[in-house]
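Colleague: Sequence:
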Amino acid sequence: MADRFTPYSSLAAYAVQADASRGRLHAEPADTTRSPFQRDRDRIVHSRAFRRLQYKTQVFIFHEGDHFRTRLTHSIEVAQIARSIARRLRLDEDLAEALALAHDLGHPPFGHAGEDALDAAMRTHGGFDHNAQSLKHVTMLERRYAAFDGLNLTWETLEGLAKHNGPVRQPAQYIAEYDFRHSLDLASHASAEAQVAAIADDIAYNNHDLEDGLRARLFTIEEVAALALPGAGLEEAKLAHPGMAVERLAPEMVRRVISRMIQDVVAESQNRIEALAPADADAIRAAARPVVAFSAGMFEANKAVRAFLFERMYRHWRVNRTVGKSRRVVQMLFSLLHGGPQMLPDEWRARAGDAGTPRAARVVCDYIAGMTDRFALEEYKRLTDPSVPG
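Just so we're aligned, residue 1 is where the sequence shown starts under my numbering, counting upward by one.
Careful: at least some of the hints might be erroneous.
[Said to hold, decoys possible] Here are the computed distance ranges between Cβ atoms for each label pair: (1) Ala176 x Ala350: 21 to 31 angstroms; (2) Leu383 x Ala267: 50 to 60 angstroms; (3) Arg143 x Gly324: 46 to 56 angstroms; (4) Lys325 x Gly127: 21 to 31 angstroms; (5) Thr124 x Arg87: 42 to 52 angstroms; (6) Arg87 x Pro251: 17 to 27 angstroms; (7) Glu247 x Arg315: 17 to 27 angstroms; (8) Gly353 x Arg181: 20 to 30 angstroms; (9) Asn165 x Asn320: 33 to 43 angstroms; (10) Thr124 x Leu383: 44 to 54 angstroms; (11) Arg87 x Arg315: 34 to 44 angstroms; (12) Ser183 x Pro386: 22 to 32 angstroms.
Hints listed in this document are in silico derivations from the structure and should not be mistaken for laboratory results.
Glycine included, C-beta positions come from ideal geometry on N, C-alpha and C.
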């Protein structure tokens, strides 16, 4: 029997090669049945931070409906799209999937409203960045293993998390701290697999927010049809299924748009890869621009969808009310716990130290960032309502 995982033989030369991984910060014996990136994926799926995504807001808070996306379902959908693109480009699907599943681990409760509130609270203490928090979860905050803190993921997965938005010129505090002791080559592009995970996030985010916005009746399908990209998908769905009800037209439209976007990314990326002729994954990292991208036309069409969502969904009065309430919950939690760290659970209290200090601020920030929407609301009641037991 082989003493290590045998890598796939059909990957492109420019793909990240599992048998040439730069390894883990803490050395571990090789797994005989899984590649290093399959092992990373499994550790991510079994982490507490991943399970908590079930009750973390995408746009709608968990109690607003059972059928709206959460951070968990979004991450799973991103992983599915990432695998589809990686397969067509002959990249390592397992690395792309691991990055897709991990990319939102650092999101706090209440989506971007919670992130904005934490960033404001932490302004004098280094700020808050959800990509940095994702890296922090998998390198420090998860405590499942006896030999190390975090999940001890491979260098390639950590690189992809840190560079989710591309090369990092001005790293957030924790990314800079981690890079100092374990360099992630922040100034270069990430691997093609990491670029695939990032663009899959964009594809899933816009399309599924359109579907959720229609379900929530924030806008109509006729309004969506005025946009070139979803409008074309809607026309295809109507031609294929004349007289179909709106409730079924919307997902049919979204399916077609996602397929178009995947096909566009694959075609554009193949052209860029052919022009670059990269000999290996490091040539992808050293390239002057990303190799995984939308065509210019698709970029503009997707930008129009994004602008529509900002105007008609993210700034809708119903969403704004929820955003305002959510920010106040996070602000109050931070204020109370930073000023009174003795109210933290034992493990967190021991780490926080004295009230009002930068150390306490960072620990309180980590504590809140790990909360689900549901737990944050319950903790808010416990801290503010004398009739609720602590």
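Colleague: Could you run down the list of hints and mark each one as holding or not?
Modeller: Against the structure, the hints come out as follows:
no., hint, in the structure
1, Ala176 x Ala350: 21 to 31 angstroms, "holds (26 angstroms)"
2, Leu383 x Ala267: 50 to 60 angstroms, "holds (53 angstroms)"
3, Arg143 x Gly324: 46 to 56 angstroms, "violated (34 angstroms)"
4, Lys325 x Gly127: 21 to 31 angstroms, "holds (23 angstroms)"
5, Thr124 x Arg87: 42 to 52 angstroms, "holds (46 angstroms)"
6, Arg87 x Pro251: 17 to 27 angstroms, "holds (23 angstroms)"
7, Glu247 x Arg315: 17 to 27 angstroms, "holds (25 angstroms)"
8, Gly353 x Arg181: 20 to 30 angstroms, "holds (22 angstroms)"
9, Asn165 x Asn320: 33 to 43 angstroms, "violated (26 angstroms)"
10, Thr124 x Leu383: 44 to 54 angstroms, "violated (23 angstroms)"
11, Arg87 x Arg315: 34 to 44 angstroms, "holds (37 angstroms)"
12, Ser183 x Pro386: 22 to 32 angstroms, "violated (51 angstroms)"
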